[in-house]
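Engineer: So the sequences go chain by chain: A and B. Residue 297 in UniProt numbering is what sits at position 297 of the first sequence, and the numbering runs on without skipping anything. Residue 169 in UniProt numbering is what sits at position 169 of the second sequence, and the numbering runs on without skipping anything.
The set of hints was computed from the structure by calculation and includes no laboratory data. A hint or two may mislead.
Dumping the calculated DSSO-like pairs for lysine-lysine here, alpha-carbon to alpha-carbon at most 27 Å [said to hold, decoys possible]:
no., chain 1, residue 1, chain 2, residue 2
1, B, 1009, B, 1019
2, B, 249, A, 83
3, B, 249, A, 77
4, B, 1019, A, 296
5, B, 1028, A, 34
6, A, 34, B, 877
7, B, 725, A, 34
8, A, 294, B, 249
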Amino acid sequence: MKNKKSFAPQEAEARPSRCPDNSAFKQQRLPAWKPQLTIATVLSTFFLTGAFCLSVGICLILSANSVREIQINYSDKCSDCSKLRENSYNWNIECLCSVDFKLKEDMLGDVFMYYGLQNFYQNHRRYVISRSDAQLLGRDVNVQRSYCAPFTTYNNGTPMAPCGAIANSMFNDTIDLFYNFNSSVIQVPLLKTGNSWWTDKNVKFRNPQSHNLSSAFAGTARPPYWQKPVYLLDEEDERNNGYINDDFIIWMRVSAFATFRNLYRRISRKRHFADGLPAGNYTFHISYNFPVTKFKGKKYVILSTMVWSGGSNPFLGIAYVVCGAAATLTGAETEVRVLTGVLP
Amino acid sequence: MGDFVLGPWSCLSWMFKFCDSAVERGNNSIKTSKYNFFTFLPLNLFEQFQRIANAYFLFLLILQLIPQISSLAWFTTVVPLVLVLAVSGVKDAIDDFVRSVLLKDEKWMNVQVGDIIKLENNNFVTADLLLLSSSEPHSLTYIETAELDGETNLKVKQALTVTAELGEDLQKLTDFNGEGCTIRNTEWCFGLVIYAGPDTKLMQNSGKTTFKRTSIDRLMNVLVLMIFAFLALMCLILAIGNGIWESDKGYNFQVYLPWAEGVNSTSYSVVPISLYVRLYAWVSFYIDWDRKMYYPLNDTPAQARTTTLNEELGQIKYIFSDKTGTLTQNIMCFNKCSINGKSYGILSICLILWVLHLSNTEKVDFSYNPLADPKFAFYDHSLVEAVKLSDVPTHRFFRLLSLCHTVMPEEKKEGNLVYQAQSPDEGALVTAARNFRFVFRARTPETITVVEMGETKIYKLLAILDFNNVRKRMSVIVWSPEGDLTLYSRSLFSFDLFCLTTVLQEFAGEGLRILVVAYKNLDEEYFQDWIGRHHEASTALEGREDKLSEIYEEIEKDLMLLGATAIEDKLQDGVPQTIETLAKAHIKIWVLTGDKQETAMNIGYSCNLLNDDIADVFVIEGSTSDDVLNELRNARKKMKPDSFLDSDEINIQFEKSSKKTKLLPDEQANGVYGLVINGHSLAYALEGNLELELVRTACMCKVVICCRVTPLQKAQVVELVKKYKKAVTLAIGDGANDVSMIKTAHIGVGISGQEGMQAVLSSDFSFAQFRYLQRLLLVHGRWSYIRMCKLLKYFFYKNFAFTLVHFWYGFFSGFSAQTVYDEWFITLYNLVYTSLPVLGMSLLSPGDVDDHWSLLFPQLYVPGQQNLYFNKIVFVKCMLQGIYSSLILFFIPYGAMYNTMRSDGKAIADYQSFALMAQTCLLIVVSVQIGLDTLYWTVVNQFFIWGSLSVYFAITFTMCSDGTYLIFTASFPFVGTVQNTLSRPNVWLAVFLSIALCVLPVVGFRFLKAQLKPTASDKVLLKIKEAKKRPPPPSPKRRLRRTSTRRSGYAFSHQHGFGALIMSGRNMRPKSPFATTGTFSPNSDKHKHKGL
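Assemble the whole structure, with the sequences as input and the hints as a guide.
Structural biologist: Okay, here's the thing in structure tokens:
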């Protein structure tokens, strides 16, 4: 061992050289590849992207066109109710309204019923934050500390459940659909559950723990605009009541824009409606509660089928076609100039 | 080394210390660290908030703490701010620590004012001293002040004659040996420390250390203000919009959303730009790591001492260089000689003044000569033969060299002969003679002992005709043992005196310093007559100098030409090539030296600064203000006659605003010119109204040489250019006399590895050889600049794209400052998701072309000087690109989401899904963009880009997970969004469309721009691309052609007055130890002093 040690170069031991390491990193010689903008790469990028965009765009347009959709502005059609609701003193006067419409073609497959709101600024910052997620998880929280103001407590100190502007302004029209079949009127069966995200229903919203729901919400009061307390949102279905009511959950998922539609009901595919909605005459029976005319808003009810890319929105399809066409044309133009010698 | 404080002196020391205690004049350590443990936090924070970006951040933070105003959670600002401050703070602390540790290595740190220190030969004087006594006769001490003024010849300092009476003379003390000198040729000396540390003359003169900022750094502050104004405008638009909206729609919407108290303002963060800039400083490690800037001979790697100036290295326009030790090696070589018309010498015989290294060229065997100087290396064998063959002219030639000089010999041990030459070239000549067996061994005032071919001869020294600037020659008159009375003369080579031989012409063309040697046998009678008159003249009370000159001239007539010597002030390796390369990169080089005009010009020629391309060299040497003005104006008139017309732009510009300092635009001369200006003329030229004249004239010249300049003038010249030219300056030097210049210039470079660390300590970059400068600038500087610009461009682009999306959203959300993105995304966007790819691009990706090509095509450096890669126009372009991208990044998700459902009918147009989709689009687009911006893809780059994207998805998924939501309900409300949104095909279709729309136009635009409107560097890059396909060209080092010109190439660095000193015998030891009998012991002297 000792012998081996003595063989070590003594000079190197005496004074380590300050010469920098000869590593690829330190000498900036890492293997590198330079992406080059040559005519070939640029043109092929343009042509490939163009072709891809065109084909995707055409697919999107075709499938969006296969969507059957009917949209009815019922705030205009039910103008009497609209006027009645403009005055908030009439809040407990019931207003019913019927809207007839005709389906010229069958709506095959799953049919979804939406309510649509226009000019309703659900994305306003003060509106977006006006909620208490902890409260909606069934936790006992001091809503005064949340962003729910001014919809936190009543003057006597009773907290609102749920608190905040979003919950307070919940959409509360009731819409039923009737099928006029051979002079008989058949109510179209609608599904009111299973319309929200699974995570919302099972994770984000929970009722407070108690032996029954009304006691769980004891000591709280309904929001001022509500007609009934939260534990009476769906008296028929225990699993759709309180905070985990689907209508409530869907309303609480605020929209990104001032014009939006929320899923209201799904058509239950039973008996007459096993394949969807057959062509014919239909009537919406609407219990008109939600005022919109005051802020120049509009209300719609929409029936729609769905395809893989969603609903009838043609934007993506058109955008793809335009983008693809532009890329292809630019590529072709460049190609022509290269061939004619304008470009080197 | 205060261990020589002697007993009786200690009370004096105490007295000094007492006096000084009032002003806290401490020890010799110079404090360069800024902080200590306690002051670090407050001081550092204060400094950091001086950056506008940081201050802006703090301002935002304060705004965000007011809940009515803020639209974002507090952490969106605090996290980046704390991170910025922490990273910067740690870096400052490390820098400061390194700096303070570095200084502790210096010895002499504990020297106190009043201490008496002993300095030995070749020691560095580390404080201002009062010389008390020395080993030399009459307490003479030779010092070299190259560090102070760049002059390599020795200066003599004498101690006060009566050191015992020193106490009484204290008030009269004026004789300072300044710090920064080196003791030479003096075995030891004692000195009393008068000023130490920061009070020394040197430190007082070396100027203030100022915090250097790069031009990009300054531009950045402007840009941050611009961004601030831009954002303020955006906020104003949104606020007005909000006002209109609230009164129009919000008023009616109050049913659902009652008005809140207070204002609604949007505060978008401009992001931690300074963090990136600080992190970018790590790029300086590449300089430290560069093996091609490592000098193996003295084991010195290059060092970036300031880490924040990297990109400015790519923008240098003016280089101010010292001469001695920077361009030259401080080595004199007796290169060639011509004896009786025959020229000898192939390579060089070098006297190495302070030993750096010896080249291992073939050495001539001097073993036949026991007295040869072993440091001597090489010479022509035929010359040895000539000497051995007793060729008469050859013998006479070397005899002359061994006799005609003012060198002092020192022989402490038999055979160990050391010469103390006052000028290095003289030393070289005498040493050369010595190695040819004409050994100058000893001298007394009356005699010179020479060992000629092994035979000791004592010549009687009758007269030394001292050197002066008029005659430019020196002579001795000796009486040889054989009884010949001879005058030996060494003269500056000049064209009118001697008829030119082709040999001499050749010597001169090679940039050697040429000295002509001649002799004359004297008639004894005439000499007696002459010596009498000489004595008369030398004792004359009036006009002594003139009379002596006359006498000298008289006897120095009709000399017999014996030959010529050629001495080379050896340049550092690769200096001419480096200068040529730098000149091609349009960098102007100014040489500022303490040397004489002839020496300086000589070096100018030999290092290729001045060459045949130069049409004319203007010499400014006027000694009055008017003369200088005239000379400068004449020079300018010749270079650019138009510039005196009233219609000249600059004249008009200065007419308009005569008071204010204005930046001068570059002027083009009608040819290539050089300017040489003398120190005393420079003093006038630097005054008030001449300043402008000097700058205009000098900047039109390709080469400027300032000679005989003081350290302060060096700084003033740099300051002048900084003041009038919008250009980045670099100063390079090795000595203490360059410190002020190094500190003044935008970038200071110190040559390390020699004695004396002042220049290095105050420099920003240091390395061992001048030639590394081209690598520092053309490779590292250029890369740094390009990378920094890429970093900034990309940085602004990605943040404009990011911020403006919110602006567009404002129009759709009632101008309510609702953010598009999740708060966490906003917080992490700059810090985590996009930071590593940017840093990867700027820190780890190689530059556009590798070092080999950068050096081969120096013109690639030019765009940096013109600041083409990042300026306000580029910034606006980035902004426009950012605006375009933000439009795509908002409206594509908007259109894709509007009134859309998932295929199962459930919601997807909700705010959270939209936010997630928009931020995914943004992140992928900016990642693709950086891939496009990265010139070279390395594994690391790709890893960072893909890694950052993966980290984004991982973090987002975690934040949207059930568990996170249940634990931190309030902070992560996005639960479930990832699963429900990112699983949908139309989301990804929208992402792809965004990429295509954002990136394709950029690709097309860049491609077309490169094809249709290629810049100069694009063309060079194309050339390189083509060249790469061919076999590799030869290495960039080329042989420079030597231009042969008719110019005088010699300058004595002689000083007048040494002849008289020798003849008076004042510098002679009473007993020369070996030449005669008797012993010598330095210890005996030491005891003597102890006794005092």
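Engineer: Give a verdict on every hint.
Structural biologist: To see whether the hints hold, each was checked on the structure:
1. 1009/B x 1019/B: 12 Å, holds
2. 249/B x 83/A: Holds - the C-alpha atoms of residue 83/A and residue 249/B are around 18 Å apart, at most 27 Å.
3. 249/B x 77/A: 23 Å, holds
4. 1019/B x 296/A: Roughly 62 Å between the alpha carbons, so the hint for residue 1019/B and residue 296/A is violated.
5. 1028/B x 34/A: 13 Å, holds
6. 34/A x 877/B: 24 Å, holds
7. 725/B x 34/A: At roughly 37 Å apart (the allowed maximum being 27 Å), residue 34/A and residue 725/B break the hint.
8. 294/A x 249/B: 10 Å, holds
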